[in-house]
Structure formats: structure tokens, C-alpha cells
Amino acid sequence: MITDTKTNMPFDEKDDYVKSLLEKATDNALKHKSQPKKAKQRPTLFFKIAAAACVAIAVAMAGMHFLNSKNENVVTTSQSPLDNYLSKISDQEASDLFCYEVEGVAEYE
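The sequence shown begins at 25 in the working numbering and counts up by one.
The set of hints was computed from the structure by calculation and includes no laboratory data.
Nothing here was measured: the structure is a model prediction, and the numbers come from that model.
Just to be clear, a hint being listed does not mean it is correct.
To be verified - The calculated label-pair distances, taken between Cβ atoms and stated as ranges, are:
no.	residue 1	residue 2	range
1	Ala-84	Ala-49	46 to 52 angstroms
2	Ala-86	Glu-117	34 to 40 angstroms
3	Val-129	Cys-78	57 to 63 angstroms
4	Met-88	Leu-46	55 to 61 angstroms
5	Leu-121	Ala-77	41 to 47 angstroms
Stated by the list, open to error - Listed next, the in silico DSBU-like pairs over lysine-lysine satisfying Cα-Cα at most 35 angstroms (straight line):
no.	residue 1	residue 2
6	Lys-48	Lys-38
7	Lys-57	Lys-38
8	Lys-72	Lys-55
9	Lys-55	Lys-38
10	Lys-43	Lys-57
Glycine is no exception: its CB is placed at the ideal position from the N, C-alpha and C atoms.
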């Protein structure tokens with residue numbers, strides 16, 4: 025191992041140890057390189073299928089929300105009896121409704 029006299033390294037490794045580490049790393053890299061490509065493609069295929077399933081679920085949920093919102097609009101468009109009454113009163117009667125005061129409220133004991 026080449027040692028630099030200017031830099032004090034925290035560990036002093038022997039040349040044989042460094043060579044054996046390099047050989048192990050090289051062997052490991054060559055072993056992983058020689059694996060068939062099908063093994064590397066399986067995770068990408070899985071992720072593509074998972075992404076397609078997520079998109080399908082999102083589209084289904086959006087469709088259900090759209091259908092439910094149509095049903096809610098039908099219910100909210102009908103007028104209540106109070107709305108019918110308020111639409112039939114005159115402007116003077118409507119202004120009297122806002123100025124209505126109660127003189128006294130009886131307290132219950």
C-alpha cells in the first residue's frame with residue numbers, strides 16, 4: 025500500500041489485506057454482472073403492474089365520486105317548506121322578519 029508521509033492515516037493496513045479486499049470486491053462485481061437480465065426485469069414489471077393498479081383504483085374512485093355528486097345535486101335542488109313560504113311573502117313582510125323582537129322571555133324554574 026502506498027503511504028503518504030504528509031497525511032497521517034488513522035489505520036495502517038497491510039498490502040496483502042488491501043489486495044484481498046480488492047479481489048473480493050472484483051469477484052463480487054463480476055458475479056453480479058453475469059446474472060441474467062430477466063431477474064433484473066422482474067421488479068420493474070412488478071412496479072409497472074402496481075402503478076397500473078393504482079391508476080385503475082384512482083379512476084374508479086373518481087367515477088364513484090362523480091356519480092355520488094350527481095345524486096347529491098338532485099336532493100339539494102328541491103325546496104323545503106320554509107323556502108316555499110319565504111318565496112311567497114312580500115318585501116315588507118320579509119323586512120319585518122329581520123326586525124322582529126321578543127319583549128320578554130319567561131324563565132322556567
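Outcome of the hint check:
{"no.": "1", "hint": "Ala-84 x Ala-49: 46 to 52 angstroms", "in the structure": "holds (49 angstroms)"}
{"no.": "2", "hint": "Ala-86 x Glu-117: 34 to 40 angstroms", "in the structure": "violated (46 angstroms)"}
{"no.": "3", "hint": "Val-129 x Cys-78: 57 to 63 angstroms", "in the structure": "holds (59 angstroms)"}
{"no.": "4", "hint": "Met-88 x Leu-46: 55 to 61 angstroms", "in the structure": "holds (60 angstroms)"}
{"no.": "5", "hint": "Leu-121 x Ala-77: 41 to 47 angstroms", "in the structure": "violated (57 angstroms)"}
{"no.": "6", "hint": "Lys-48 x Lys-38", "in the structure": "holds (16 angstroms)"}
{"no.": "7", "hint": "Lys-57 x Lys-38", "in the structure": "holds (29 angstroms)"}
{"no.": "8", "hint": "Lys-72 x Lys-55", "in the structure": "holds (27 angstroms)"}
{"no.": "9", "hint": "Lys-55 x Lys-38", "in the structure": "holds (26 angstroms)"}
{"no.": "10", "hint": "Lys-43 x Lys-57", "in the structure": "holds (21 angstroms)"}
Checked against the numbered hints listed earlier, the structure breaks hints 2 and 5; every other hint is satisfied.
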